[in-house]
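Chains A and B, in that order, give the protein sequences.
Everything in the first sequence is counted per the numbering used here, starting at 2 for the first residue and increasing by one.
Everything in the second sequence is counted per the numbering used here, starting at 130 for the first residue and increasing by one.
If you're looking for bench data, these hints aren't it; they were derived computationally from the structure.
Since this is a predicted model, take the numbers as computed values, not measurements.
Idealized CB from N, CA, C, for every residue including glycine.
Warning: the hint list may mix true and false statements.
To be verified - Here are a few chain A residues that face chain B, going by a calculated C-beta distance under 7 Å:
#	residue
1	3
2	6
3	7
4	10
5	12
6	18
7	20
8	24
9	25
10	57
11	60
Here is how the chains run, residue by residue.
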Amino acid sequence: MNRKVLLAGLVVVLPLLAVLVMNLGRDPHTIRSPLVGQPAPPFELRPVGGGAAMSLASLRGKPVVVNFWATWCMPCLEEHAALAAGARRHGAAVQFLGVVYEDEETRVASFLKQRGAAYPSLMDDGGRTAIAYGVAGVPETYFIDASGTVVSKYDGPLSPDVLSSLLRKAGGAS
Amino acid sequence: MTPALGRALILLSLLFSTVGATVAFASARRPTAAGLVWTRRFAYAFAAAMAAANAVMVYALLSHDFSVGYVAHVGSRAVPTWVSLVSLWSSLEGSILFWGLVMGAYIAAATYALRDEHPEYMPWATGVWLVCAAFFCFLMAGPAQPFTTVSPVPADGPGPNPLLQNHILMAIHPPFLYTGYVGMTIPFGLACAALLAGRLGHGFLRPLRTWLLVPWIFLTMAIVLGGWWAYEVLGWGGYWAWDPVENASLLPWLTATAALHSALLSERKGVLKGWTVTLVLASFLLTILGTFMTRSGVFNSVHSFTQSAIGPTILVFLAAATIFSVLLLALRIDRLAPEGRLESGPGRDAVFLLNNLVFVLFTFTVLIGTVFPLVVEAVKGAQMSVGRPYFDRMAVPLGAVLLFLMGVGPALPWGRATSEQVRSALLPPTGAALGLAVLGFVLGARSPWTLLTLCFGGYTAYVTFTEMWFPVRQRMKAGEGVGHAFVEAQLRRGRRRFGGYVVHAGATIAIVSIAVSSTMGVSKEVQLREGERFELGPYSLTFVKSESVAEPHRHALVARVSVSRNGRELGEMTPRMNQYDRQREPIGTPAVRTFLTEDLYLSVMNIDPPGGQLGLLAMINPMVGWIWIATGIMALGGVIALVPRRAAVALRSERLVVAPGAAAEGSR
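Let the hints inform the model, and build the full structure from the sequences given.
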């Protein structure tokens, strides 16, 4: 046994393996937002197509998924099916909300008419809510637990798998 | 039906590889003729089963059999046949299946090529290969199953990642990379065999070097094909971004290149055997690290497959293989006793050592830069990235030193040189060195590093050419014609030596081209209205108009730009902006026109068809085309050096009969 070789080998190899193990399961798309762990910024916005304004505060007691999106954004259209399926499946326990980002109401309305709306989409006139949440580009999705605290943020189109795992983290799915 | 057949073939491969590995190790411990034969049979059987599984998948892809999970995931009736075919490696499960095919081909080829040789090593080597093979079969049988059954069977599928259809290079680059990565398994097995057998004889170094050279050639081409793809597709005008996955392919290339050099020293002088073996083991482990980096989802990169469940499994394999390698080295390295002596003091031996040192330093530099963000994230919880400045600052001097060593090493005699020898060897090339640097200065090179690189490049080019010419000149002095002398000296006798210098020539051109292209480019960003014109160097560019094109899988905005150079019309170039259905950001496809010494590169930044506005990035990239040519030269050199063993044996015996003592082969 050559102890020098063993020691040198382990000194190089073990820290590297340790770092990889510690980072396992990390998804670079889960962006650390300063909002995570903080109370979700409140908002009160009117739904697309008219109706009474909805406020985040009124949903307290139920986990909320807030998805910032737009019809001009291809990945948003791609994740639409996953979100709609999620809303249909967990709609009783979790409130899904779309917040329209820099888009025209008529285009959003006709899109929702074509593809179906499984949950309300809200108009963010002037983009105040998007600014409060620090949205950098759509789609971005925030997961808020029943007490109104932001649990996680996802950057990019959601797949059904990622959606259900993040829903679990927010306490909204079995 | 088809999914079940595929699954059965994968289970069969798993069976053949595990049983084969067991038989191999048993017959390595207690050698019998039957054990050797059965070890080889299992190796062939594994390769055959893997080939059959791939054939089933290709058939399913081409016949749009959406009952197969992988086909339902990546197949589509709408795509052309070639896209269906390359879908085999377009997504995770298929790429692992393809990996298995390449591995089977390598194992079968190496088993066949070495079937009658080295019985004291081969069962160990085959055993190690089959253990690696068994791991990938396990991946396919468990966490990354390509042959899942889909029910109900969908009528159509989404098709592969649109980027795969965007450029033909994207279809070629992955197979080259896999062939480079997977091939490192063979030298790994041979190196492990040397350690397990407790000796590394002169005769066994030859296959080790040969089987290291094969994946090295593929890896060299794969790395550059990847860069070429980025250059032709991504639109920022560069070919290398120090992205984690790019680095992942560079790391094993660096250690393998170092290993090829130290193996030469081991073969020639019987020294540094443990070091050579260590480098070979490291090259394999780095390919597995690269596989992990691409497939675990831990690293953020344009190349990575999306998050998948196989990350932990690959990490377990990486950890097991790494710790096995370290233990094996610690236990057995002392048995690989040197047979000769390494000369200290100035001489080719010392330059070889220095070359290895720089390559290893380079490897650690890139490895640390790649992994550092993970360390920060793990320790401080903050996200960060190590940018180009770090890598450039480290890589430029290391590359320059390597270039210089490539000139100095071959110029010096083996062993220890006297100061007189050193002077007479090292002084003549300085003229060429200064000449190229002055030429560069006249043509506008001002960056000190570029001038230094040109200087070293001229030096190395002179030495490389002289060394190539030397054996030909010797024969010509003896009265042979130049053509005959060249064929005899370079292509028949000294192929390995000649091949090595061809690789050096390619590498010299590549390093000089990289230095020039990254410091002497000219670029200009302009906003143009239809009909407006601007000048860039000798080029005059006019924005004719923009068009909107709808294609099945993407929308494209195409800018038509007419180009003339020094007043001569060159026609239109059409850079475009593609919006893929499944891609978040639009991707500009640049238009590139290649001339002998430079590329004209046009990339759309923004385009507004109603207003007729175009934001254009125009670049003159000097010598980029030479990087691709240089890589072709390097690969060619590698192929020349791969003298088939039988041909070498034939040549040796011929020499014994025909011309005893007329050995102009080898170096002075």
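Taking the hints in turn, this is what the structure says about them:
1. Hint on residue 3 of chain A holds. Least Cβ distance to chain B is approximately 5 Å, under the 7 Å limit.
2. With its C-beta approaching chain B no nearer than about 5 Å, residue 6 of chain A sits inside the 7 Å limit, and its interface hint holds.
3. Interface hint at residue 7 of chain A: satisfied, since its Cβ lies 4 Å from the closest Cβ of chain B, which is below the 7 Å cut-off.
4. Against a cut-off of 7 Å between C-beta atoms, the interface hint on residue 10 of chain A holds, since the closest Cβ of chain B lies about 3 Å away.
5. Nearest Cβ of chain B to the Cβ of residue 12 of chain A: about 10 Å, over the 7 Å cut. The hint is violated.
6. Evaluation of the residue 18 of chain A hint against chain B yields a held restraint, the C-beta minimum of about 5 Å falling below 7 Å.
7. Nearest Cβ of chain B to the Cβ of residue 20 of chain A: about 5 Å, under the 7 Å cut. The hint holds.
8. Hint status for residue 24 of chain A: holds, given a least beta-carbon distance of 5 Å to chain B, under 7 Å.
9. Nearest Cβ of chain B to the Cβ of residue 25 of chain A: about 6 Å, under the 7 Å cut. The hint holds.
10. Interface hint at residue 57 of chain A: violated, since its Cβ lies 26 Å from the closest Cβ of chain B, which is beyond the 7 Å cut-off.
11. With a least beta-carbon distance of about 29 Å to chain B, the hint placing residue 60 of chain A at the interface is violated under the 7 Å criterion.
When each numbered hint is compared with the structure, violations occur for hints 5, 10, 11.
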